[in-house]
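Residue numbers (the working numbering), protein chains in the order written: chain A, 632 to 884; chain B, 8 to 323; chain C, 684 to 1023.
Calculated from the structure, these hints are not laboratory results. You may find that some hints are simply not true.
Short, incomplete list of chain C residues facing chain B, as computed with Cβ under 8 angstroms [to be verified]:
| no. | residue |
| --- | --- |
| 1 | Met739 |
| 2 | Ala763 |
| 3 | Gln765 |
| 4 | Arg769 |
| 5 | Gly773 |
| 6 | Phe780 |
| 7 | Asp782 |
| 8 | Thr785 |
| 9 | Val790 |
| 10 | Ala803 |
| 11 | Val807 |
| 12 | Ser808 |
| 13 | Arg822 |
| 14 | Tyr835 |
| 15 | His837 |
| 16 | Ser840 |
From the three backbone atoms N, C-alpha and C, an ideal C-beta is built for every residue, glycine too.
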Amino acid sequence: MSVDGKPIGPGLSRKYLLGADRNGRDVAVRLLYGGRNSLLVGFGAALVTATLAVSLGLIAGYFRGWADRVISGVFDIIWSFPVLLLAIALGTALAIGGLDLGLFTIGGSSLWIPTLVIGLVYVPYLGRPIRGQVLSLREKEFVEAAIAQGMRPGRIMFSEILPNVTSTILVFGTLIIANNIITEAALSFLGAGIQSPAPSWGNLIGDGVDFLATAPHLAIVPGIAIVLTVLSLNVFGDGLRDALDPRAKVRLR
Amino acid sequence: MLRFTVRRLAQTFFVLIALSIITFVIFNVIPNGDPALRLAGRTPNPAVVQQIREDFGFNDPLPTQYANLMEKTFKGELESYSNGTNVREELLRGLPNTASLVIGAAIIWVVLGVLFGILAAKYAGRIPDRLITIIGIVGISLPVFWVGALLLYYLTFKVSLFPPGGYTPLTEDPVQWLYHMILPWTTLSILFIGFYSRLLRSNILDTVNEDYVRTARAKGLSERRITTRHVLRNALIPIVTLFGLDFGAAFGGGAILTESIFNLQGVGQYAADSIGTLDLPPILGTVLYGAFFIVLLSALVDIAYAFLDPRIRLSG
Amino acid sequence: MAEALLTVEDLRVGFETDDGRVQAVDGVSFELREGEVLAIVGESGSGKSVTAQTIMGLTRSPNAAFEGRIGFEGEDLLNASQEQLRRVRGNEIAMIFQDPMTSLHPVYKLGWQIAEQIQAHEQVSKADARERATELLRRVGIPSPESRIDNYPHEFSGGMRQRAMIAMALANSPRILIADEPTTALDVTIQAQIISLIGDLRSELGSVILITHDLGVVAEIADRVLVMYGGMVVEQGTLEELFYNPQHPYTWGLLGSLARVDGVKPRRLPSIAGAPPSLIAPPKGCRFRTRCPHEFDRCAELPPLAARAGGTQIDRCWLSPQEKAAKRAVEGRIGLEATA
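Given these sequences and hints, build the entire structure.
This is the structure we're talking about:
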């Protein structure tokens, strides 16, 4: 920061659209690269959540018994963790130390860390409804018919049950991506998400907040980028739900 | 009911134990996480580090360390590694601040969320509905910390409408308390108002198509009675459930961002500060405290659900 | 002839939908006389339920359009204010519905729901309303009503719930009971019990409008029958007229698909081929011609509802009574199938 509390370098200008930040870096460029990171983490984490939640939900709902007890127990534990606290704790701890799993190592500033952290903490939010649906689908005649035909459990789960929960996955998935982008921004804002110098919308806001008095656009513009992205995802998710849920249509009586 | 309570208590106990182990593991297994090195300062002297290890018991096997930590937790003797403050006292100190924030914001978000939800359903498809729907969906798309920072900057530093953060106890000066809480309440409730009004609107629109509402109309009841006793009675059940969970999460430290931005010195901010210094005992304390509220509220939600919908039986 | 209690004149009900305007009821007229059981028969989408619910004002909505008149005690229910309607509903005209599983409110005790019905129209104390609710439950044959009154709907079987709905409908001694497919959702043995209950209660019920697709139910208790198809009345007459001298081919089809223990048994129980007409773009002329094996050139013009067979019977078919008598005879019984 320069002496007068202003960012170094040019302000808003035609050549450097959004001017420069405290280190004289081009904010417009960082906004775009930050967007890439934020979206990568948002979508990647949703993929992690969906993969884990769907496979665990399918297994728990299909096999019931001890498999269900173990998986539901894990869901309960993650669910009971104060989510943001868990994410911040994991994010901070891993950002400092990185993760060494023997086979592969993840560096402290890798995008994988926020992706995995966010993906993990939201698993029960999708896993619980999926398990519930699978539990009731399992009682349906078409599943019994498949069992009677001697179809293997894996095939029943993937070709008989999974297609019936796709609308839940799609609708929840969209909303989870939206939620992830906000969570990532919050984590980065607190320094527990994407690590500087890599940009993300969250840490751009975090940096910009210091300059609200002299260069308010530094905090406002990345915020608007988040709002617009999340808003579009939410609107899309709404439309998807209306399209996939026959109950949502206007009914005649 | 008794079986349910016993089972829930046992479940709560196991969940809390599991959470404490996970928290402990996270902060002990990660590389470069050695607390002694951090405590020793910038240029650690090996002798000092060794002394710290000895004093804090970092040389003990991990299970022993964990057992000691938990013993202290249950006795209320858990102390911060970095400044030696008692975790229980710090939590108790932060509790009224968090309670002020969360209870006040909860009242705002429930009242406005329900009001907007009812209005939107009443005028479904017309201008008030569209307006509320747009406000709601924008509301749930806003990052809390960004809204908080902008509100704080523009309404406080630019036009001095509100105080620049901080907390004044209600018992000390109710007017100042209110004055300090208005912006945090607004910030925290925006997101929930959007969620609640959207959920209630769609619940009401589902419920008005139910056969039993047609029966109520065929009975010759007034529209007012049909709305309150027959439609809202059922449409509000999921709202009660959701509220229990949200309230528990916020009370349990989920309002970290709002607390930090407005410097409310509540439990959430305490947790955030402790995580920043990787100070295990306060982190453990706040995690257990937060999880306790989440588990407690979700048990209360189950009981409320069984009470509100006689078709549900509490399974032991 | 007893005087008309309720008169429906040229009733038209249309709903705006995304796919276009659905003309659910298209010019229906009839009257309900004091003390009679009038059955309205037709398949799903014939407009019978919409007609019945429109009498109670239950189809009112921003996307519905109404024409015609529903006369009841000097008032036009079709254009009555919400408050006028409210006073009539449950009090003068009561209604029971198809699915007793979903028609009772799931979170209130049965006694509460019946007491609410009583107190909606009469100034009585809670205790008195409860007393009367118990009595009503006893009258519709619910065992030990003193204790059952504090049960929730989900604690009753489907048949018991329909009995409770009937008890609720009787609560304010209405002059008209509209029963909208009261047995459709029930098991066959329970159906018979409910129908015989309605039969037993006839003296207290005043007039009854029974909506059903089941001619077996009609034969049990109806005095007069109205047959609806594609939003229109296609035939109307007394029970005897309709069962022994049906004029409209659609009625033949309904009768032909009825399993009867008397008369000649068909080799297999026939059903009417094809699907009900679209109400957005109904067929020109006779609505039934698309499914009628006896269709001829005149059917392109809509036949008016007229007395062709004598008696009180009216119908919408161009064929002469003699042609009808010949065409409806299939293997010694009444049926729709064209004989080769």
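Practice item. List in ascending order the numbers of the hints, as given earlier, that are violated by the structure. Key: 2, 11, 12, 13, 16
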